[in-house]
Structures are given as structure tokens and as C-alpha cells.
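Peer 1: The primary structure of each chain is shown beneath.
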Amino acid sequence: MMRRPWNQCAILIALVVLVVVPWFLDDYTISVFNTAGTYAIVAVGLSLFCGRLRQYPLGHAGFFAIGAFTAALLATRLDWPIWLDLPAAGLAATLAGVALGLPTLRLGGPYLAIATLGFGLLVQDILNKADWAGGRTGVSLTPIWPDRGFYWLILALLVAGAFVVHNLRHGSFGRALLAARENEAAAQASGIDVARYRVAAFAVSTAFAGVAGALFAHWSGFVSSSSFGLPLSITFVAMVVVGGVDHTPGVIVGAGFLTALQQVLEQQPHLADALYAAIIIAVLLLGQTALARRLLALFRRIPPFAVGQSHG
Amino acid sequence: MTTLAHLMISGLVNGSLYVLLTLGLVLVYQVSGVINFAQGALAAAGAYLTWHLSSNVGLSFWLAAALALAIMFVAGLLLQVLLLKPLRKAPVALSLIVTLSLVSIIEDAIGQNWGFGSVLFVTPISGAPFRVGGVLVSRIDALTIAVAVVLTAAFFGAVRWTPAGMMLRAVAQSTSGAQLVGIRVGRVVLVAWGLSTALAAVAGILIAGQSFIITPSMADLYLLSAFAGAVIGGMDSLAGAALSALLIGVVQNLVAFYVSNLWHDAIVFLLLLAVLLLRPAGLFGHAVQRRV
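From first to last, the protein sequence lines are chains A and B.
The first sequence begins at 879 in the numbering used here and counts up by one.
The second sequence begins at 4 in the numbering used here and counts up by one.
These are computed hints drawn from the structure, not numbers from a lab.
Ideal placement from N, C-alpha and C gives every residue a C-beta, glycine not left out.
Computed from the model, here is a short list of chain B residues facing chain A with C-beta under 7 Å:
hint, residue
1, Leu97
2, Leu265
3, Leu275
4, Leu280
Bound conformation, chain B alone (with noise of 0.2 Å):
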């Protein structure tokens, strides 16, 4: 029984950071019908970005982090401005094209700049255990799970009722129509590049301290399973993604500790195959439009 416990509160933690990455995703997809697959080389890049300011600037962790972020929000930004903008009325394709590329522009930037090999991140979460009904459940699973909770019930929140959300929605309903009703669209689009980028930081900074060590291409399996999940949930239904990358993440741990752990990325593209065979709306969307 406790293994059981242990595994699901291993799934959930991996869960959790498959939420971080998903909500980027879907949020990016649902304002400008971007695919960004460089979301997991981002969440890289501010891992590395919080571990330079802390172990080679001397910042103190915190500081380091919240001033990662920041800049990873800017990059962001930069971003959109910079390459995706320029395609927005060339086809999708070419958009896909620039983010997939971007994945070994930045994994080779951190390489060039911090060596390819992996590199020790130290944090200071530290401590005995927390002890929750029989299992115990170290400080960083406890903060990972807290963070995503914290962030994707914020950001929930906001999606739903700060003006902005509204705007956000209007966009991603329709973005003539956004437009029409004097919405600034490149401005939401922007916006929500940033939001995406900094919450790939959150998810990298947290894997860092999951694994200890970081390596340029340390989020690419994580980046895998949150695609999963927001496919499998629908890319039109931010709460179906959000809930199905949760899913994911103790599927994937039940799975590779009782079948094999040869399993533990494959189930992810099974499961995906079977929800786009059996359900392809995925299971919270909305029936997608083309049926043949």
C-alpha cells in the first residue's frame, strides 16, 4: 500500500511539472496557433539561467530564481516579437518549423556557454521529510506539487475573471472577431508568450531541483509527456490539458514500476494514439470541426 502511495505521489510530483509546461502550450496554441516545442529547451534555459545567477554571480537562490524568471518573461516576449510575428500570416508550418529549431539554438547556446555536460544545482530546500499519512514526501516533491497548484489555480483564476482573461478568451474564440471589438491581439499574443516562457522556467527550475543535476537537454522527456497531455486533453480546453498532464504523470509511474520501465515514454504516445483513435477531440475538448 505504501509503494502504491509513494508511486502516486511520484506520478503526481511528474504530474505536476507536465502542468507547467502544458498550460504554456495550450496557451500559446489557443491565442496564435503556435506549436511551441521549444517550451522544454526554455525551461532548460532558465534552470541554467537560476543556477549561473546563484552559483556563479553569487546571488542568493531565491533572488536568482524570481530574476530568472523575469528575464525568461522578457525572452519570451522577445521572441514573439522577433521570429514569430514576422510569420503570422505565412502558413503554420513555418512556425513549427521556427520552434523546433529554436530547441537546438538554445540547447547549443547553454552548451557553448555553460558545457555540454551536466552541471550540479544546488538549492536550498533542504530538511527532513514531511510525513503525510504514512509516506513520507520530501520538501522540493512537497514544493513542486505546491507551486503548480498555487500557479495553475492563479492562473485559472485569472484566465476567468480578470479582464485580461476575458481578452485572452476573446482571442483564442476568435481573433477577427477579438479584433473587431477593439481587442489588441498582438498585444494578447505577446503576453501570453511571455507567461508561457516564464511558466517553462518555473517547470525547469523545479526539474533541477527534482534531478540535482542539469544537462542542456534535461526537459525534453518532460516536453513529450505535457504535448501528450495537452492533446489528449484537447488543445482547445485548458482545464482538460491541465488535468490530463496531471493523469500523465501517475500513469507513467504506475506503469513503468509494474509493467517495465522500458515503458515509461511509450505509454505516453500509446495513450496519445489511442485518445486520437477512440476520442479525438481529446477527452475534454470540443468535437473538432473537421470529421470525415
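The shape of chain A in the complex, shown without the other chains (with noise of 0.2 Å):
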């Protein structure tokens, strides 16, 4: 870090103008921020995951679903305060993603891709069919903040949250996963206990989601199963992608795309999925073209733009 300046620079502007910003906002770009923010957390923790293993769970939905319903049953039910229920959700999440970690993390792409996807699916059954929790009716939260309280607090969150995954890709941790990714009998032999390492990393991307969760419980006052199917999946793992997997400025700002052009396409009820679906391919497909690939190249030049590029 210390060799780029202007990173730290670009970084630390952009830190001011997001905290300064609210006060010059109405409270409907606020939420929208909000929103970003919540799903950005989910996407930092999964680039962790995807950007050192190159594999792509389809499932983080069901995380961010667990994460979201257990602080709205906790807030409601149990009067647990927010500070007590956020760190909850975040427990509950990385309990499933461990237990889903455990068998599926041994496999390779497909079988990992598959197996989260139904798990993600499953989660949103289970909610549908659970009565208890108002699965399919949805459960009202009375939000405790304005949402510009809520706005900071995400903001700390993710902040925070990249700095941790900032520092484990770059840390000891990063290189195993790297090394696991690159020849996994090679980091094997030199004593990297390859599976634990790629289900603690998994583990730590479900603890984002369901944190994330349970913030967007809390900001948005409501959650309902509805809210969690595979397109949130989908999202999820295309801001990771589109943002650059192993570069965690980058993965911030695919989220912002990302969710801004949802933003914009719900003018258009009817056709936002398909068109939003139609972007983000032409938005694959560009990338591989070779006037994309020379514009990536010089983006890779200025600093804080570092897209897909890890500097390790």
C-alpha cells in the first residue's frame, strides 16, 4: 500500500465525499445508497472467496435470507436490541455456510455452483412454506433510525468490512487460498490445509451476507421471502464479477452500478428483469472484446481504477 499514494489519496477522498453526502440528499437516494451499501457488504465478502478461488457460489441469497430473518425475529419477538442481533445474524449465516461449506467445498466449479444454487432455492422454499417466521407474509420491523442513521452505519460496515477483507487477501490467508487455487498438491505439501482454508474463506463471505442481511432487515423495515430468490444470487456474484473479483474498490463500485441500474430500470416494472439481465451480459460480452480489453489495460494505469487486478 505504502508504494501507492495515490491510491491511499483517492481512497481517502472518496471516504469524505460518502460520509459528507446524506445531508445533501433526499431520503429516496439515501435508500438507494442504503441498498447499494447492504449488497456491497455482501459482495466484498464473496470476492474474497470468488476473486482467490476463482469459484462462484450461486447461493449467498439464502445467507443474506438467513442473516435478514434471524435479526427481524430476534428484533420483534425477543427485543434484542441491534447491536445484539446484527452480530446474531451474522453467527447464524456462517453456521449454515459452514455446514453447506463442509460437503461441497471438496468439489470443483460445477458441483459448488449447483449445490449453493439449491441451497439458495431451498432457503427461499423453506422460508415460503415457515408460517412461524412469516415467511411469505413478511415480518415489519420499526425502524430505529431515520434512514440517514442507518446510511452510516453501513457505510462503517463496509468499510470496515473491506479493510478485513482487504487484509486477509493480502495476508497470509490470501496467499494460501492462492496457492490452493494455483496447484493444490503443491500447497498441500508445503502444510496448507487446503479444505479449512477454503471453508474459512467460505465461511467469512456467508458472515458478511448475513450480516448484510441483517442490516437490510433493519434499514428496510421489512423482509419477506420474496425479497431473496436467485436473482439476488445472481446480483450478487455478477457485482463481484463486474466489478473486478480480486480488487475491492472495484467490487464496491459494481455494486453501486449494479444497483443504480436496477434502480433505473424499475421505471419499467414489466421489462426490468429482462433488461437488466440483458445488460449485465452485454456488459460480459463487451468486456471480452479487444477494445474493452486495451481500455482495461489503460484503466489498470490510473490508480484507484485498478479493475480485476489484484496488487498483492
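Starting from the two chains in their separate frames, assemble the complex, guided by the hints.
Peer 2: Below is the structure:
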């Protein structure tokens, strides 16, 4: 990091702007920022796993839902304060993540993708049928702060999360994951417990998803099973991929971009999903063209936008 | 006893539908490494096309179905050329995101064209049910099983004994190896996509015939079971995947009846996890290379 003073400078400026900006925004825009922020927390957590292992789980909406419902039920039924139910939500999602990760992470790409996809669908299926949890009808929470208050909490957690992921990625943990990806046998031979590292990285990503889900429940004031479907899982992975899997600020920008896109498309309720999907495909396809590669290479020279590139 | 027999039959019917979807999935996966999550949406597209051509355009049902299959075959070729071929050198995750995104695009396109609600799907298949050893089997059920059996047999025969099938197996084993001996890999992948979407359309038409009404998301739940079949059987074994898909149909029905209907879909996922835990290569697959 010290080698790149520009990087730090740009991030610092962005942070100051983000801290100050809610005073100048209306409630709607702040709610968009809150959505983007909660999604960005999931995407940042996911980027550690995806970036270092090049595997892409497709069920993180399930962990997001587990976090959201844990927090909502604890807050409404047991009157837990927010500083208790946030960690509880993270813990619940992590436990589910470890339970899912242990059998499935031993396997290569398609198996993990399918198993996590199935998990996401299963969570939604269970919530749909769980009347005791108010899955389908939904649970309403009384917001404890105005949207602006949550804005700063989300921002603080996002920054803290990005910091944690950045350090994990570039520390010995991230290097171990990288080694596991590049040559599993060699990594194993040099004493890296590959399976454990892989599960740990997955657990981190699910913890982030759980906490983000809890934040979502609190600031939006309403959770129901229908908001946590497969499209959300795809969105999380798309945020990571569009932003550049290995680059934390890039992932946050990706999350912001896709959330903004969704908001714009909401104006066309019937076409929103299809247009959104079409734009994601277009972005991915355009990214493969020679022109885009050249642009990206150019971009990479400008410090804060080191898209899709690690600087570890 | 007749209850059990009935459950077995309807399980076999569902299983046959899963087999048709699974075959397409595994075929595309083996030659290109891409998982086609849009298989269910493509099945729905096939059903809607058949409905449109017979009810709105006025063709006879069978002609409409045949035309729909041909259109879906071409659609599969186009999907491969336009969307997936450009991504063949990119990380496979991008292809997965593309096929996943296709789900909402296809389902929305159907909804925009023909309505998001349900549509009545009329087939000319009517008449008294067959009686097989004391159990009544409706005609559409019999047709479903027959179509699945014939197509699966033809498919395996072709893969095993025809030159095209041999090329397909070669590409599945090693893309670069196949390329070295002069096989046009791109063409094989292309045909695999066409076949796979056509198979999806067959499944879609049969599902529609079963349920009489169709909706844009009609095949989504079927697809989950088909995926489970593919994984449980082992993604590298066509026969294993087909057999597992059939078994899933039966088990699902038995569980739904004897345990609880709530478990109809959940049991599939639990089975999937159990197999991944105990026998990660799948019941019929070869050992996965990565062992940790």
C-alpha cells in the first residue's frame, strides 16, 4: 500500500465524500445508497472467496435471507437490540455456511455452483412454507433510526468489512488460498490445509452476507421470502465479476453500478428483470472484445481504478 | 399395493421428464464445461411455441410441436454462437452468469408476448387410460414415458455407435486432444447446444401436456431435480445422470406421499448434499480429480 500513495489518497477522498454526502441527498437517494451499501457488503465478502479461489457460489441470497430473518425475528419477537442481533445474524449465516461448505467445497466448479444454487432455492422454499417465521407474509420491523442513521452504520460496516477483506486477501490467508487455487498438491505439500482454508473463506463470505441481511432488515423495515430469490444471488456474483473479482474498491463500484441500474430499470416494471439481465450479459460480452481489453489495460495504469487486478 | 404402484408410475413420469432435461444439461456440460441454467426456461419456450402455433396460428398440434422443436434447435445454435462462444476463453463463471441471466430474459419475453399468467394448453391426446396389470395409466403419462425411453435410447445409441457420437465423446474427454485429431470442436459444441435445447423443448411440451396449463416459470422446479440428477449421477456420466434423474422422480413422489408434501422439493436437495458428502464423484461418475 505504501508504494501507492495515490491509491490511498483517492480512497480517502471517496470516503470523505461518502460520509458527507447524505446531508445533501433526499430520502429516496439515501435509500438507494443503503441498498447499494448492504449489497456491497455481501459482494466484498464474496470477492475474497471468488477472487482467490475462482469459484462462484450462486446461493448467497440464502445466507442474506438467513441473516435478515434472524435479525427480524430476534428484534420483533425477543426485543433484541440491534448491536446484538447483527452479530447473531452473522453467526447464524456462518453456521449455515460452514454446514453447506464442508460437503460441497471439496468439489470443483460446477458442483459448488449447483449445490449453492440449490441451497438458495431451498432456503426460499423453506421460508415460503414457514408460517411461524412469517416467511411469505413478511415481518415488519419498526426502524430505530431514520434512513440517514442507517446510512452511516452501513458505510462504517462496509469500510470495516473492506478493510478486513483487503487484509485477509493480501495476508498469509489470501496467499494460502491463492496457492490452493494454483496448485493444490503443492499447497498441501507445503503444509496448507487446503480444505480448511477454503471453508474458512466461504464462512467469511457467509458471515458478511448474514450481517448485510440483518442490516437490510433493519433499515428497510420489512423482510419477506420473495425478496431473496435466485436473481439476488446472481446479482451478488455479478457485482463481484463486473467490479473485478480481486479488487475491493472495484467490487464496491460494481455493487453501486448494478444497484443504480436496477433502480433506473424499476421504472419499467415489466421489463426490469429482462433488461437488467440483458445489460449484465452485454457488459460481460463487451468485456471480451479487444477494445475493452485495451481500455482496461489503460484503466489499470490509473491507480484507484485497478479493475480486476490484484496488487498484493 | 395399487397406491404404491400409482406412486411409482407417476414417479417414473416425473423422472422421465427429469431425464430429458438432464441429458441436455450433461451433454452441454461435457463438451463445453458450461452449465445451462436456462434449460427450464427453454423448455417453457418450447411449450409456449407449440401452444402458439397450434392455438393461435391454427396448425395441427403435432405439426406445431415438430415446428417448435425445429425452432428451438435453431435457437440453441444461436445462443451458442451469439452469447457463449465469445466467452469460451473467459472464466466459466461468466458463462454461468449468462445462462442464469437468460432465465429471466426468456421468461420475461414469454410473459411479454403471451402474458405472465397461465395459459390453457390443449393436446389432442385423450381417450381412456391404459390398464397395466390393475393400474390405470393415463395416455399422456404413457406417452411421456415412451418418448423419454425412445429418445434416451436413440441418444445413447447415437453417442455410442455413430461417428458423430464418437466425436462428441472425444471432445468431452479432451478438447485439445479432439482438436489435434482434426475434430471441429466448435461444430460439436454447436450441435450439442442445438440438441440440448430441442430436448428441453420436448420436456417442456410433455410437462405442459401433463399439467394442461402453462406459465413462463413452469419448468423451474423440474430443472432443480434435473440438476440434482446430473450431480448425483456424476456430471461425467450420461447414463448415470439419466438413471439418477429417473430415481429422483420416484423417490420424490414416495417421500411426498408417505412423509409430507412439504418435502417434495427439499428432499432433492438433501439427497444431493448426502451424495456430495458420501460419494462426491456421484453414484456413477469417475473419481473427481481434486481430493482434499
